[in-house]
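Visitor: Chains as they are written, first to last, in UniProt numbering: chain A, 1 to 308; chain B, 1 to 284.
Some hints here could point you the wrong way.
Said to hold, decoys possible - Restraint ranges, calculated between C-beta atoms of paired labels, are given here:
id, chain 1, residue 1, chain 2, residue 2, range
1, B, Ala-245, A, Tyr-76, 41 to 51 angstroms
2, B, Val-263, A, Ala-55, 54 to 64 angstroms
3, A, Ile-296, B, Ile-260, 53 to 63 angstroms
4, B, Pro-171, A, Lys-110, 35 to 45 angstroms
5, B, Arg-10, A, Ile-94, 28 to 38 angstroms
Hints in this document: simulated from the structure, not taken from any laboratory.
Here the structure is a predicted model, which is why all the values come from computation and not from measurement.
We put the CB at the ideal spot given by N, CA and C, even for glycine.
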Amino acid sequence: MSEKSKRPAKKKGGLHRLPVGFICVCVLPTLLLTITFTIIPTVRALWMSLWDSTALSLNPSFVGLDNYIYMFRDEYFLQALANTGKLLLVVPIITILFALILAFILSQTKLRERGLYRTIFYFPNIISMTVVGIIWSFVFHPTMGIVNTFLQFVGLGDLARPWVGDSATALWCIAITLIWQATGYYMVMHMASMDGISNEIYEAATIDGASSFRKFISITIPLMRDIIGITFVLAMSGTMNLSFVLSRVMTAGGPNGASTVLLQYMYQQGFVNGNFGYAMAITVFSLTISVILSLISRCLSSRGEEKR
Amino acid sequence: MTINEKSILRAQIIKWITRVFLILVAIVMMFPLVWNIYSSFKTNTEFLTNAFALPSGLEWDNYVRAIAKSELGANIFNSLFVVLETLCILMLCAIPCSYCLVRYKFFGVKVITTVYMAAIFIQATYIMIPLFLQMNTLGMLNNRVAIGLLYAAMQFPFAIFLMTGFMRSIPRDYEEAAMIDGCGPAGILRRVIIPMAKPGIVTVGMISAMSAWNEYPVALVMLTDSAKQTLPIGIANLYEIQKYATDWGALFAALVLALIPTVILFIIGQKQLLQGMNVGGLKG
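Okay, chain A solo, but in the shape it has when bound (with noise of 0.2 angstroms):
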């Protein structure tokens, strides 16, 4: 605002004249390579869901809908979507929840060593999401993972099994993996905006009184509803993501499809059996529940910068 009233004259002055050819050098090649990258794949996929083209097919013909009506009635898609719903619905919740409590007893504490705790629990998340898979596949390895020879060793023997060979528990081994490397990211993020909660509050509530359980209850949470919100929904979008990576390096899908997620289920279709169209239509179905995630963090955002 304070620019435009204060020099309307300049703009129009020869001066500032819009300098029309190192813009279009500038702005060009970014948006052509997002065109030819981005928007095009994107309408291609809305495009192709409506045909029932396949890797083999040379003349693909108009099926409209089917592909999103079949999706509904294909059990292995409805095994992996219900596979990602369980994911969505529990690690977010838990990743949020542990990286909540550690930021607020990172942000409270006055130990010296606090900065060090960050910087680790921050760690796991800059690991390929690959070197993660391996490296947890050996956590759950049946006779040389840690668990199992944990479990001996306090033992508790009976308990051992072959985490990801075995259908009731490979999904929650994925889940593991995934709440393991994200608590920390979001536990930066928490921590940035619990800086910007006053001091006064906390010490108002230790002159009443007030134990640590109680403030984190009673002052953190509520000051940061909107940061949760967005952090959780970012953290949801981020469970979708991420688990195709896990499920296809850690157990395939399998045992029996057991921990197929969506993005997996995608894939197969896709490059496995070569059903493009129907591929697609996955494609397009996922990438709406990602844009819906994605808009209600940016509707939690701004109306948390507008209180502010």
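Place chain B on chain A using the hints.
Guide: Chain B only, in chain A's frame:
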């Protein structure tokens, strides 16, 4: 006096309880990695005994085999190449673009900005099948240069989002002064904007370098020729092979090799990375 002593004691106890709790969490966070590192020095027979046991000696041969018996050397080279290319293209394209979007009111600027903001939501993993068909049409499959280009393009929306935020906060007065001194738009960009937006640029660089180094799904689809694959794909393939060959020592050594560059980058750029998260708060 005694009340005071009591409260000091209480504070000390709380301090130590917190410390023990945090150390336990730190162990959970770090142990899988530490375990991976020390296990990479075990012989293959040692693997079959106690999982927790430390190696009896340093089996460097694991590392030799990891590199010699796989494409790991080529994978590391490919990844380095792709990361550097991604960074070059990203910086060359996204910095000037962000500057123009922030400072000039040209035809379509609103639409273009909206397109980038919307494109943040479209993540490459979701569109990997149409992306594959697109690359196929362009004849860019199994092409390392094309992958770098693709990674850069995938980072544009986020990079532009972060950098426009940074550039908007730079006061215009500096540019006005440079203009009066006879500086053209390119000169202003190079001499005023880039130095001032440096923290934002470094953050974008860090995040992009890490995500390009670690990217798996898109590389999996685009690079099928084993000599051209990047490190995450190479490691995943190695894992598949070692499941049957059971040369765990070599596999663990390979995992450590994949970790080293990210760890170095993290130690150098920790501050920028964590700062960028507060500004951006988005992960690709």
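Visitor: Against each hint, give a clear statement of whether it holds in the structure.
Guide: We went through each hint and held it up to the structure:
no. : hint                                       : result
1   : Ala-245/B to Tyr-76/A: 41 to 51 angstroms  : violated, 31 angstroms
2   : Val-263/B to Ala-55/A: 54 to 64 angstroms  : violated, 41 angstroms
3   : Ile-296/A to Ile-260/B: 53 to 63 angstroms : violated, 38 angstroms
4   : Pro-171/B to Lys-110/A: 35 to 45 angstroms : holds, 37 angstroms
5   : Arg-10/B to Ile-94/A: 28 to 38 angstroms   : holds, 31 angstroms
When held up to the earlier numbered hints, the structure conflicts with 1, 2, 3 and fits the remainder.
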